[in-house]
Amino acid sequence: MTRSATRSVGVVELTDTESAAMFDRVARREMGISGAEFLERLDAGEWDDLNQDDVPGLLSVWMYLPAVR
Amino acid sequence: MPGHEPNEAVHEFLDPLEDAAAVLDGFSKLLVLGKKGLYRVGQIYMWSLNGEAGMPLRSNDGGDIGIFRAAMHFEVIEADPAKYGKPYRVTTRGYSYGLEEKPKRGVAGNDLWRMDWHPNGRSPVDYPHLHIAPNMKAHQPTPRLTFEKAVEWCIGFDAKLCCSPQEALSTLLLSETNHRLNRTWNERPGEPVG
Numbered sequence: 000m001t002r003s004a005t006r007s008v009g010v011v012e013l014t015d016t017e018s019a020a021m022f023d024r025v026a027r028r029e030m031g032i033s034g035a036e037f038l039e040r041l042d043a044g045e046w047d048d049l050n051q052d053d054v055p056g057l058l059s060v061w062m063y064l065p066a067v068r
Numbered sequence: 000m001p002g003h004e005p006n007e008a009v010h011e012f013l014d015p016l017e018d019a020a021a022v023l024d025g026f027s028k029l030l031v032l033g034k035k036g037l038y039r040v041g042q043i044y045m046w047s048l049n050g051e052a053g054m055p056l057r058s059n060d061g062g063d064i065g066i067f068r069a070a071m072h073f074e075v076i077e078a079d080p081a082k083y084g085k086p087y088r089v090t091t092r093g094y095s096y097g098l099e100e101k102p103k104r105g106v107a108g109n110d111l112w113r114m115d116w117h118p119n120g121r122s123p124v125d126y127p128h129l130h131i132a133p134n135m136k137a138h139q140p141t142p143r144l145t146f147e148k149a150v151e152w153c154i155g156f157d158a159k160l161c162c163s164p165q166e167a168l169s170t171l172l173l174s175e176t177n178h179r180l181n182r183t184w185n186e187r188p189g190e191p192v193g
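Going down the list, the sequences are from chains U and L. Start counting the first sequence at 0; every next residue gets the next number (numbering that gives the first Met the number 0). Start counting the second sequence at 0; every next residue gets the next number (numbering that gives the first Met the number 0).
No lab work stands behind these hints: they were computed from the structure. Worth double-checking, as some hints may not be accurate.
Far from chain U by the CB rule (all over 12 Å, computed), these chain L residues [said to hold, decoys possible]:
no. : residue
1   : 40
2   : 43
3   : 46
4   : 62
5   : 68
6   : 78
7   : 80
8   : 85
9   : 101
10  : 123
11  : 141
12  : 142
13  : 178
Computed spacing ranges between beta-carbons, pair by pair [claimed, not checked]:
no. : chain 1 : residue 1 : chain 2 : residue 2 : range
14  : L       : 3         : U       : 55        : 39 to 49 Å
15  : U       : 24        : L       : 3         : 29 to 39 Å
16  : L       : 58        : U       : 42        : 35 to 45 Å
17  : U       : 10        : L       : 103       : 27 to 37 Å
18  : L       : 7         : U       : 17        : 19 to 29 Å
19  : U       : 47        : L       : 108       : 38 to 48 Å
We put the beta carbon where it would ideally sit given N, CA and C, even for glycine.
Chain U with its partners taken away, still in its complex shape (with noise of 0.2 Å):
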C-alpha cells in the first residue's frame, strides 16, 4: 500500500500516571471538572437516575474510566 509521509500509526501503551492525567483532561475537557471530582460524584451516585445521553460530556468521560478504574 502506497502511504503518504503524513501516515504516523502505532499502538502506545500509557503508564497510569499517564492514563490518569488524560483521564483528568479529559474531564475538564468535556465537563469542566477535574478527574477527582468527577470520581467523587460518580462515586456518589450524581447521576446514578440519569441518562448518560442526557448530561453533556458525561458518556465521553465514562468512556475514559478504564484509564483510572
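Following the hints, complete the assembly by docking chain L onto the known chain U.
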C-alpha cells in the same frame, strides 16, 4: 484475535485496528489506557484514537472536515482453544466513535454523528445505536458497528486517505472480516445463533 497469552491476544486485537486507522491521512495513534501492569483476564481496558485530541480530518480539497474521535472498552477473556485455536481472546465491552465539527474560537464543535454502545454505562439505552444530526438526542438502533465502519463513514465525508480508495476499502474489509470471524453477536448480546 486469539492469543496464547493475554498480551498476544491484545496485540492481535489491536493490529487490524491500527491498519484501519492507517488508511486515513494524518497523525494517528491508538493509545491504550488503564493497563496497570500486565494484561490480565477480567480487567476492562480502553483504547483511544489520539486521546483527547482526536484525529483532525482534512478533505481531498484541503478543507477541514472535523475531528474523528474513537474509543473502545475491551477485555481479555478465556477462549475455547477448540474453537479459537488459542486460550485467550479479546472482546469489545463498549465503544464510541464520532465525527465532531472543527472547533471554532476554542469552542468544541457539534457532533455530526456518533456510533455508541455503552452497555455498562448509566443509560437505559444498552444496545448499539447511532446519533446523527440534526437530532443528536435520538438513539437510532443499529447492529454492532465496527471501528472500520466508522472509518468508512469518515471516508464518506470525503476524508483524505493515505492510499487509493480501493486500497482503503480493501484494508477495512480485511480488518473487519478478522473481527467478524471472532465475534459472538451482531445485533444484540446473547442473541440466538444458528
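Structure-based check of each hint:
no., hint, in the structure
1, 40, "holds, 15 Å"
2, 43, "violated, 5 Å"
3, 46, "violated, 8 Å"
4, 62, "holds, 16 Å"
5, 68, "violated, 8 Å"
6, 78, "holds, 21 Å"
7, 80, "holds, 25 Å"
8, 85, "holds, 20 Å"
9, 101, "holds, 15 Å"
10, 123, "violated, 6 Å"
11, 141, "holds, 15 Å"
12, 142, "holds, 19 Å"
13, 178, "holds, 16 Å"
14, 3/L with 55/U: 39 to 49 Å, "holds, 44 Å"
15, 24/U with 3/L: 29 to 39 Å, "holds, 36 Å"
16, 58/L with 42/U: 35 to 45 Å, "holds, 43 Å"
17, 10/U with 103/L: 27 to 37 Å, "holds, 32 Å"
18, 7/L with 17/U: 19 to 29 Å, "holds, 23 Å"
19, 47/U with 108/L: 38 to 48 Å, "violated, 30 Å"
Of the hints listed earlier, those the structure fails to meet are numbers 2, 3, 5, 10, 19, in rising order.
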